[in-house]
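Engineer: Protein chains in written order, with this note's numbering: chain A, 18 to 321; chain B, 18 to 321; chain C, 18 to 321; chain D, 18 to 321.
These aren't lab readings, by the way, just hints derived from the structure by calculation.
Being a predicted model, the structure only gives us computed values, none of them experimental.
Honestly, I wouldn't trust all of these hints.
Identical chains blur together in the list; that is why a pair holds if it fits in one copy or across any two.
Calculated pairs, DSS-like style, for lysine-lysine (alpha carbon to alpha carbon, straight line, at most 25 Å) [claimed, not checked]:
| id | residue 1 | residue 2 |
| --- | --- | --- |
| 1 | Lys-236 | Lys-315 |
| 2 | Lys-231 | Lys-66 |
| 3 | Lys-315 | Lys-231 |
| 4 | Lys-149 | Lys-176 |
Number of protein chains: 4
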Amino acid sequence: MIDYQSIIDTIVTHSKEATNRGIVASYIPELANVSSQKFGIYILDANKKSYSSGEALEGFSIQSISKVLTLAFSFGLVGDELWKRVDVEPSGDPFNHLSLLEQENGIPRNPFINAGAIVIADILVSRLKKPKEEFLSFIQELTNDSSIRYNEKVALSEKRTGYKNYAAASLLKSYGNLHNDVESVLDFYFYQCSLEMNCQQLTSAFYIFMNHGKCQRGKIYLTTNQVKRINALMLTCGFYDEAGEFAFEVGLPGKSGVGGGIVALLPNTYCVATWSPGLNAKGNSKLGMAALEELTTKTGHSIF
Amino acid sequence: MIDYQSIIDTIVTHSKEATNRGIVASYIPELANVSSQKFGIYILDANKKSYSSGEALEGFSIQSISKVLTLAFSFGLVGDELWKRVDVEPSGDPFNHLSLLEQENGIPRNPFINAGAIVIADILVSRLKKPKEEFLSFIQELTNDSSIRYNEKVALSEKRTGYKNYAAASLLKSYGNLHNDVESVLDFYFYQCSLEMNCQQLTSAFYIFMNHGKCQRGKIYLTTNQVKRINALMLTCGFYDEAGEFAFEVGLPGKSGVGGGIVALLPNTYCVATWSPGLNAKGNSKLGMAALEELTTKTGHSIF
Amino acid sequence: MIDYQSIIDTIVTHSKEATNRGIVASYIPELANVSSQKFGIYILDANKKSYSSGEALEGFSIQSISKVLTLAFSFGLVGDELWKRVDVEPSGDPFNHLSLLEQENGIPRNPFINAGAIVIADILVSRLKKPKEEFLSFIQELTNDSSIRYNEKVALSEKRTGYKNYAAASLLKSYGNLHNDVESVLDFYFYQCSLEMNCQQLTSAFYIFMNHGKCQRGKIYLTTNQVKRINALMLTCGFYDEAGEFAFEVGLPGKSGVGGGIVALLPNTYCVATWSPGLNAKGNSKLGMAALEELTTKTGHSIF
Amino acid sequence: MIDYQSIIDTIVTHSKEATNRGIVASYIPELANVSSQKFGIYILDANKKSYSSGEALEGFSIQSISKVLTLAFSFGLVGDELWKRVDVEPSGDPFNHLSLLEQENGIPRNPFINAGAIVIADILVSRLKKPKEEFLSFIQELTNDSSIRYNEKVALSEKRTGYKNYAAASLLKSYGNLHNDVESVLDFYFYQCSLEMNCQQLTSAFYIFMNHGKCQRGKIYLTTNQVKRINALMLTCGFYDEAGEFAFEVGLPGKSGVGGGIVALLPNTYCVATWSPGLNAKGNSKLGMAALEELTTKTGHSIF
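Make the full structure from the sequences, and use the hints.
Structural biologist: Shown next, in the form of structure tokens:
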């Protein structure tokens, strides 16, 4: 019997001692102003037992973690059609490079690089009447938590400075792989990234990926096969050009965000979310990565 | 209780009906002369029960599958030192491209692209007195099967035509990441690739990766942690630029070879090997990929 | 004494016989509707004698040829400051690739790839009170021809479909190498490209590059040194990834446009403009290239 | 009337005052041991008048300058057939990159990147009975100077350390664009690069490129058309990824070598050679580049 509480308490102790905490993202003021001293970790297991340590109930900007949730939502809506517009291979390149997009005629390498997530956003904008409202409802329902909100300030800041995303969306448009106009799709995209959630809420949302598509209340959102695919994508592409390293050191499917959050999961066993705003050179939370390595090493369990 | 025998018999039936069987590798006569009609599959489970169907006992050239075995051998010998000379990230590029090697100053992206495997070969050539003999003994011991042999004809054919490997080794040498001379390292490398094994022997050799580093006879070759890492590498990099697709469709760590073999494994559960010489456009066995997808779909189990 | 008239008349005869005339650009209706049968050529020599054959007085969309004129205008205004924001090396890549821009942190390879020309446009938008009006006046003055006009329909069509240019401008903006907003700069850029001129007017405008910076009426626009640099750029970068081929076959500095125009010049000797709307695979006028090769071969003179 | 002697004397004076002289190539001892204080310049004009200043009669390793001479020799022998195996476009990349070679299926971008020069060497090895002897005779005849020699020590040092060239040759071989074996071609290649010549001899050898293919003694080696093409290649590709810069600043066709030599020419007017062993970051002689810029600025003449 694994004592998760004791393990995560030790992780929090280690995190407090860490002197090199990485660099907090500074491209928008809302992220830059978060203290690098924050650290939270939360585990929700298959039996719905939960374990919490540190600032696990404090909300933060989930940023790219939202890409898994829009993928799940759109995959549920359109099925395998989706893979005609986005590939499933690791990019081997930093998350913002447009080179591959050009080489591969507008088909993004995977749904977790920005260009890929923008295509997914485009699919939702096409499919939904009120994309922002309906996506938020989806998240609230998935987590059974109606308190979850977009952070408008964050969304507007991203809108003002997100030129690389405008470049990506325009390039997609030039290849015919964006069906709505650039402004509408990016408006949705910046809002999805601005979602504010805490570690507890993230494990709640990612419960379906650990539980064959079924949420805590028993509603089925995705098939086993669809979950397998999303988890495979998280493992091979969830951490930009550090995906191999994460698979190698941690051995769990997961996804990071520039706000310092990471969610990961061991199928049939648990979901875990960490939050520590300082990032390493590849844009992933420095202490979050270390925490998850410690977790899988101490429990002795990974998907491998 | 899963009926593996019935599942693999069905797979063999389906393989016989397949009209599009891919293209047999033709760059050396020894590979070109193999019939594309061949198909074998073999499962060895965690309880050492085995299931066989088709030409599972017929030997073939394992080619790149050998890269996992040299990695395991050298990892056991030198430990984490190894990762100073080779990275652990997917390449996002076809297996023979030298571009990344130049961009990244002679550190191959991972041990399964040719350049990475040549660095691993170099480590063994440095460490072992009689590299070819000792590596063969390692395989024979691992499988408890002294009948396994190199195919000299294959090795010599590769030597005559393997100019891209000479290019890769020379480039590694120019960056100081090859410590022995090009000829000696490639001699070893061409021999390792020429190993002839059948599906049964491959599952036997890969048993350690399914069983936390312990072989069938109970000898420990690798730590749990080392096995986690090798499995992670197989998942993220085992199928060249189709690794994402394999993870996505099949959801098992595995490795393919240009001779038409694929080995894969579900940790704690089973090893599986398939053989079908026809390759798809990315150089992986066409029917082998399909067989493994059928297997994980029918059993309902993958690592995700 | 070279008989230019006879040479260009022969060239026109050959052009009429050509069966493979290339493909007329079709991305906007205004270009697509031009007949591929059109062919004109015009020579203006250092003594202001001129030679005309074919449809040399029929206007067409000069498109990328305008990049040399905005470069000359901005070089005259800001001097060598300009080279802090754009490099002078051939790109070795098709004209619309953004990859290099990412690799080189937002400094375009040269002022003739789209990203480079957009930076030049940005400089003019910063410097001029009424950029479009003032640039048009500059051209009218240079050619002593007040009939030259923008084609608004062309500019608006480009604006509606020019997503790759939006992508390039957004990417430049993300690197801080665009000082005005994307919309204003591209508005100017699309207008400059929409300039309508005929072969005669083009030789008139390019007279300064053949004559050490002095126009036909004797006004000095650029120094000898500045002209050397612009001519060097035309030679090394004026024909996208076919610049080497043009230098090799024709041996003159020049610039092509997707509307089928080419202008080239032999310093101290003559300017020549050709127009033939059909393009080769690299986006340069097929018969125009052939005409200029014939011209330099028959006259026996090139810069080499 | 331009006073070349006075100009080059001033250049030598400036070169003596230079404190930042670049870095002498150090990859082989024979180059590393040359003093960075050396500086020579030599002009040979169309009337066979010559001007000399500094150490213009001291021999040095011409290295990549030899690529123009093997190109001229092979172009004379096989004519336009040559361009089926090597392209004429600038590479936009440092001289030793193999990436483009892979992307473009073994056709080197131009004859002045190493891979291209190796293809030219291969052509000579195929065509000549005694390649090294016959190429040396060609140079001796061209210059009317039987004292010119290979430096065997240099050739052997290159052979021992030239792994990137082995990589390039092996890669060419893998694409079928090397008809002889790697060792024979590189043996010739390393010898050609080891040629020792002084500035006077270099201007003598390059006289044909300034004089429409005719040497000083009146023998015709190349047609006017062939010379145009070689000069165009020197201008667009003669200085690696600094070719644009050289065209832009100097405005003459030329070629540099890692031994610190540069030869350039103004058609119908003069040949000039400089020697200064210190290199800039792109591998071209730092003071040599500056000298040639000063020369074209002071004379007021370039090809543009």
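Engineer: If a hint holds in the structure, say so; if it does not, say that too.
Structural biologist: Do the hints match the structure? See the list:
1. Lys-236 / Lys-315: Close across copies (24 Å), not inside one copy (32 Å); limit 25 Å.
2. Lys-231 / Lys-66: within (16 Å within a copy, 33 Å between copies)
3. Lys-315 / Lys-231: Between copies only: 20 Å across, 28 Å inside.
4. Lys-149 / Lys-176: For Lys-149 and Lys-176, only the intra-copy Cα distance (15 Å) is at most 25 Å; the inter-copy one is 29 Å.
Of the hints listed earlier, there is not a single one the structure fails to meet.
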